[in-house]
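Peer 1: For the record, the sequence lines run as chains A and B.
The first sequence: position 342 = 342 (the UniProt record's numbering), numbered continuously.
The second sequence: position 328 = 328 (the UniProt record's numbering), numbered continuously.
Watch out, some of these pointers could steer you wrong.
For identical chains, the list gives no copy identity; a pair is met inside one copy or between any two copies.
[Claimed, not checked] As a list, the in silico BS3-like pairs of lysine-lysine whose alpha-carbon atoms are at most 27 Å apart:
1. Lys36 x Lys140
2. Lys45 x Lys259
3. Lys265 x Lys41
4. Lys140 x Lys41
5. Lys37 x Lys128
6. Lys140 x Lys45
7. Lys12 x Lys140
8. Lys12 x Lys37
9. Lys12 x Lys45
10. Lys325 x Lys37
11. Lys12 x Lys265
12. Lys128 x Lys36
13. Lys306 x Lys262
14. Lys36 x Lys194
15. Lys217 x Lys12
16. Lys204 x Lys45
These are computed hints drawn from the structure, not numbers from a lab.
Listed below, chain by chain, are the residues.
Number of protein chains: 2
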Amino acid sequence: MNPRATIADIAKALNVTPATVSRALNDHPGISQETKKAVRKVAEKLQYKRNKIASSLRSGRSHMIGVIIPSAAINFFGEVVHGIEAMANTYGYTVLLYQSNELPDYERKGIEAFVSAGVDGVLASLAKGTVDFGHYLDLKRHNVPLVFFDRVNDELGIPSVVVDDFRGAYTATEHLIGQGYRRIGHIAGQQHLKIFKDRLAGYKAALEASGLPVEEKLIYQGDVSIESGRRAVRHFLELPERPDAIFAVEDYTALGAMKELKERKIQIPEEMGVVGFANEVFGEHISPGLSSIDQQPAQMGKEAFKLLLEMMEPRKEAVVALDQKRVTLAPIAFFRQSSARNGEGA
Amino acid sequence: MNPRATIADIAKALNVTPATVSRALNDHPGISQETKKAVRKVAEKLQYKRNKIASSLRSGRSHMIGVIIPSAAINFFGEVVHGIEAMANTYGYTVLLYQSNELPDYERKGIEAFVSAGVDGVLASLAKGTVDFGHYLDLKRHNVPLVFFDRVNDELGIPSVVVDDFRGAYTATEHLIGQGYRRIGHIAGQQHLKIFKDRLAGYKAALEASGLPVEEKLIYQGDVSIESGRRAVRHFLELPERPDAIFAVEDYTALGAMKELKERKIQIPEEMGVVGFANEVFGEHISPGLSSIDQQPAQMGKEAFKLLLEMMEPRKEAVVALDQKRVTLAPIAFFRQSSARNGEGA
Numbered sequence: 001m002n003p004r005a006t007i008a009d010i011a012k013a014l015n016v017t018p019a020t021v022s023r024a025l026n027d028h029p030g031i032s033q034e035t036k037k038a039v040r041k042v043a044e045k046l047q048y049k050r051n052k053i054a055s056s057l058r059s060g061r062s063h064m065i066g067v068i069i070p071s072a073a074i075n076f077f078g079e080v081v082h083g084i085e086a087m088a089n090t091y092g093y094t095v096l097l098y099q100s101n102e103l104p105d106y107e108r109k110g111i112e113a114f115v116s117a118g119v120d121g122v123l124a125s126l127a128k129g130t131v132d133f134g135h136y137l138d139l140k141r142h143n144v145p146l147v148f149f150d151r152v153n154d155e156l157g158i159p160s161v162v163v164d165d166f167r168g169a170y171t172a173t174e175h176l177i178g179q180g181y182r183r184i185g186h187i188a189g190q191q192h193l194k195i196f197k198d199r200l201a202g203y204k205a206a207l208e209a210s211g212l213p214v215e216e217k218l219i220y221q222g223d224v225s226i227e228s229g230r231r232a233v234r235h236f237l238e239l240p241e242r243p244d245a246i247f248a249v250e251d252y253t254a255l256g257a258m259k260e261l262k263e264r265k266i267q268i269p270e271e272m273g274v275v276g277f278a279n280e281v282f283g284e285h286i287s288p289g290l291s292s293i294d295q296q297p298a299q300m301g302k303e304a305f306k307l308l309l310e311m312m313e314p315r316k317e318a319v320v321a322l323d324q325k326r327v328t329l330a331p332i333a334f335f336r337q338s339s340a341r342n343g344e345g346a
Numbered sequence: 001m002n003p004r005a006t007i008a009d010i011a012k013a014l015n016v017t018p019a020t021v022s023r024a025l026n027d028h029p030g031i032s033q034e035t036k037k038a039v040r041k042v043a044e045k046l047q048y049k050r051n052k053i054a055s056s057l058r059s060g061r062s063h064m065i066g067v068i069i070p071s072a073a074i075n076f077f078g079e080v081v082h083g084i085e086a087m088a089n090t091y092g093y094t095v096l097l098y099q100s101n102e103l104p105d106y107e108r109k110g111i112e113a114f115v116s117a118g119v120d121g122v123l124a125s126l127a128k129g130t131v132d133f134g135h136y137l138d139l140k141r142h143n144v145p146l147v148f149f150d151r152v153n154d155e156l157g158i159p160s161v162v163v164d165d166f167r168g169a170y171t172a173t174e175h176l177i178g179q180g181y182r183r184i185g186h187i188a189g190q191q192h193l194k195i196f197k198d199r200l201a202g203y204k205a206a207l208e209a210s211g212l213p214v215e216e217k218l219i220y221q222g223d224v225s226i227e228s229g230r231r232a233v234r235h236f237l238e239l240p241e242r243p244d245a246i247f248a249v250e251d252y253t254a255l256g257a258m259k260e261l262k263e264r265k266i267q268i269p270e271e272m273g274v275v276g277f278a279n280e281v282f283g284e285h286i287s288p289g290l291s292s293i294d295q296q297p298a299q300m301g302k303e304a305f306k307l308l309l310e311m312m313e314p315r316k317e318a319v320v321a322l323d324q325k326r327v328t329l330a331p332i333a334f335f336r337q338s339s340a341r342n343g344e345g346a
């Protein structure tokens, strides 16, 4: 006797399709009572054990959630996913992933695939290019629980988990000022994304708080890439008065800036300080080590799953309207050699 | 009139559940003819456009595939997934991902989730710990097309795509010999995984071909981690005759070795040459740049999808039995500073 008898085995024994067996076991109205009886009899004989998925089909719950991330290659999102998985596993949920590759079209396809797959809820971080939110509103209309994390949109009434980007950028800029830098440039990200807008605002606020001027020509509009870091440095070096430090909107941009500076033999941190954002893994391995702002990604993933769980399995004690729910995590500074003009780097 | 009418809109208009509407549109036997007629009428009135997913449900195809990877944080797998996505997109398939996190239990859950989600096929790379293949054999028994890539098992009769690991390791070791290194240590990976076994064999063969002895104490059994690279260096340095070069089974192990060597002020490549395997992104950003063997991950992803497509949509001209199908890609050497004792690094 096979201890791992499957639906396929039962189907073979009865000369019907596996789909028929599955439907019969789930008491599907399209299957005759006669067939159901026969299937149950063979299932018993073969000691077939229904798996959790089969029983959750019956309950109308799949215990699967879908997670949309811009790219798994960005370490930050990988860490968020680990946080989601850790929490989801505790509550018996399986996590399916989908990469939008920063393309709104792919993002829409991912949402459709998750709906088709029958997930109980969706966690999503927006692609850089997403400006039409129809596919997310569709989820909401279909009552599929949805929570945004990191890259969110505030105007859709969807619960979200973010890090305090303003505060992170403020801390980074303040640190550069504390190290004696006085002309601090910023390489910005796309301004239709709130996280990048908030970082620019935090940079400006820190300058103002120290009585330093905010100069538009020291703000370079990048697109969150190694290449835009390089372009920004070329722009900064052509200015009559070049900056003595750079706060980059994220670490890959900072990496590009560092590569360009190194090629031009400009000493980091002596001649130019650099701070990034996101605390990507490579930052501690490059030379000099890259100062950055950690966004507590694993914690972000856990909080996002907890919000989603409240929507998927509402408990009576939940009194706060989820439409207004937002979790904000505190950023953590990791200052290394790239900004240590006063020798305080780790 | 709403140009984006959904199933939910139709359900609302008829005061039935969205599930009923969906089933009615898919001509489900459990829905009465009367309801079907009513649904179709409202759908027409609202100019409801069925999406691809709805029509594929009807055809019994989801046009989704599932991809099991050990970890999205390993850049190599991220690149393979990009290759899969590029090809899948061309053929109208959507790609769902699942991370096993190297745990066989998670891997099994992922397979179950993909089956439950109704994917048309599965691509998988084995977790380090997987020694029981029951969940993969289940897929095969259920006639769900399955192709292995990179971390494969040869004994299950499942088509696969691999890089020529033996040749890659042979090339890496030969290169170190060519740079004048004479006592070359190897930090190995788990030997129940064929790829790591093949790399060890390639290392030995290259030594033998150059008339160098294979010494067991120069082979350190690691577990594919930064930490095992560090441990291996500590082991090597305690030997009466320490090695003058290290060929690590993969780049994170090599990174750990380099970190330990640097902390002990041992010059790379002058006193100790280092070569890794996989050409992870960080390798070109660290100092010195890490020599490595590229596995053509994007190409691997494309070939894996093509094999799967042949199984999902068999064409008449396919004459080769897929059970025996295996695609082997050639490794490409990227030699940088970490092994350039003769000054030939890039």
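Peer 1: When the hints from earlier in the document are held up against this structure, which numbers fail?
Peer 2: 2, 3, 5, 10, 11, 12, 13, 14, 15, 16
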